[in-house]
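Asks: Letter by letter, the chains look like this.
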Amino acid sequence: GESVGLHLPTLSVQEGDNSIINCAYSNSASDYFIWYKQESGKGPQFIIDIRSNMDKRQGQRVTVLLNKTVKHLSLQIAATQPGDSAVYFCAERLHGSSNTGKLIFGQGTTLQVKP
Amino acid sequence: NAGVTQTPKFQVLKTGQSMTLQCAQDMNHNSMYWYRQDPGMGLRLIYYSASEGTTDKGEVPNGYNVSRLNKREFSLRLESAAPSQTSVYFCASRIAGHYEQYFGPGTRLTVT
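Chains as they are written, first to last, in our numbering: chain A, 7 to 121; chain B, 9 to 120.
No wet-lab data here; the hints were simulated from the structure. You may find that some hints are simply not true.
[What the hints assert, rightly or not] Some but not every residue of chain A turned toward chain B, in silico, with C-beta under 7 angstroms:
hint, residue
1, A30
2, Y31
3, A35
4, P50
5, F52
6, I56
7, G102
8, S103
9, N105
10, T106
11, F111
12, G114
[Stated by the list, open to error] Here are the simulated lysine-lysine pairs, DSSO-like style, with alpha carbons at most 27 angstroms apart:
hint, chain 1, residue 1, chain 2, residue 2
13, A, K77, A, K62
14, A, K74, B, K79
15, B, K22, B, K65
16, A, K62, A, K74
17, B, K17, B, K79
18, B, K17, A, K48
19, B, K17, A, K74
20, A, K77, B, K79
21, B, K65, B, K79
22, B, K17, B, K65
23, A, K120, A, K48
Just so you know, even glycine gets a beta-carbon here, dropped at the ideal spot from N, CA and C.
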């Protein structure tokens, strides 16, 4: 299953399928991107990050892809499990904000995993 | 190592009341942040403290004040609560030289 950026806030996938969550970021000067997972009633948890000098980064069952040409970020989750059900946020850091560490968050996409 | 802790977990206020949300981290992080999260929206930065002794406004600072009490603690104060401040408030911290922020469990605030 695939979501389309900020305009389709809910993605529903079958357990075991791969999920793709998309994010259109706002600023071409952003140099760092991060994905967070937020389960119901909890604070956001770090999943994976990527710097702007990379196109792809892989973690355990997750991959982040960065396309700077179209300012697009995606999070791929392999073999989606019920425990992956959550809201996923992308965030960007503007170049030059390394001292403050300020992040700009996207709206979020809800991932629902059907058993 | 408890990470980032926030108190209280829930709070109901009447319009005009004041309160302070507490945040503490035990990870020796330099920077701390306060966000609010409204339904269907991402996190919006209220105030941040890049290092002990400094505080700066974020995207939505009106109606709030902060205090960086020491390296561990960063509090958020509502002097005169308004219904528009009904939200879930998250505190986060970050270690110098790294970019990811670590979040607390949140405080759910309702202003009636």
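Asks: It remains to establish, for every hint, whether it holds in the given structure.
Replies: Evaluation of the provided hints:
1. The beta carbon of A30(A) comes no nearer than 13 angstroms to any beta carbon in chain B, farther than 7 angstroms, and the hint placing it at the interface is violated.
2. With its C-beta approaching chain B no nearer than about 12 angstroms, Y31(A) sits outside the 7 angstroms limit, and its interface hint is violated.
3. Hint on A35(A) is violated. Least Cβ distance to chain B is approximately 15 angstroms, over the 7 angstroms limit.
4. For the restraint placing P50(A) at the interface with chain B, the shortest Cβ-Cβ distance is roughly 5 angstroms, inside the 7 angstroms limit, so the hint holds.
5. Annotation: F52(A) was flagged as interfacial toward chain B, and the flag holds, the nearest CB pair being 5 angstroms apart, inside 7 angstroms.
6. Against a cut-off of 7 angstroms between C-beta atoms, the interface hint on I56(A) is violated, since the closest Cβ of chain B lies about 10 angstroms away.
7. Given the 7 angstroms rule on beta carbons, the hint for G102(A) is violated: about 13 angstroms separates it from the nearest Cβ of chain B.
8. Interface hint at S103(A): violated, since its Cβ lies 10 angstroms from the closest Cβ of chain B, which is beyond the 7 angstroms cut-off.
9. The criterion of a C-beta within 7 angstroms of any C-beta in chain B is met by N105(A), whose closest approach is roughly 6 angstroms, and the hint holds.
10. Look at T106(A): its Cβ gets to within about 5 angstroms of chain B, closer than 7 angstroms, so that hint holds up.
11. Satisfaction of the interface hint for F111(A) is found here, the shortest Cβ-Cβ separation to chain B being roughly 4 angstroms, below the 7 angstroms cut-off.
12. Satisfaction of the interface hint for G114(A) is found here, the shortest Cβ-Cβ separation to chain B being roughly 6 angstroms, below the 7 angstroms cut-off.
13. For a cut-off of 27 angstroms, the pair hint linking K77(A) to K62(A) stands: about 14 angstroms separates their Cα positions.
14. A threshold of 27 angstroms between alpha carbons decides the hint, and for K74(A) with K79(B) the separation of about 36 angstroms lies outside it, so the pair is violated.
15. For the given pair, K22(B) sits about 25 angstroms from K65(B) by alpha-carbon distance, which is consistent with the 27 angstroms threshold.
16. Distance check on the hinted pair: K62(A) and K74(A) sit about 11 angstroms apart at the alpha-carbon level, within 27 angstroms; holds.
17. Using a Cα cut-off of 27 angstroms, the hinted pair K17(B) and K79(B) holds, with the two alpha carbons roughly 22 angstroms apart.
18. Simply put, K17(B) and K48(A) have alpha-carbon atoms about 11 angstroms apart, close enough for the 27 angstroms limit, and the pair holds.
19. Using a Cα cut-off of 27 angstroms, the hinted pair K17(B) and K74(A) is violated, with the two alpha carbons roughly 39 angstroms apart.
20. With a C-alpha separation of about 36 angstroms, the suggested pairing of K77(A) with K79(B) is violated against the 27 angstroms cut-off.
21. As the CA atoms of K65(B) and K79(B) are separated by approximately 18 angstroms, the hinted pair is consistent with the 27 angstroms bound.
22. Only pairs whose Cα atoms come within 27 angstroms are accepted, and K17(B) paired with K65(B) is accepted, the gap being roughly 24 angstroms.
23. As the CA atoms of K120(A) and K48(A) are separated by approximately 21 angstroms, the hinted pair is consistent with the 27 angstroms bound.
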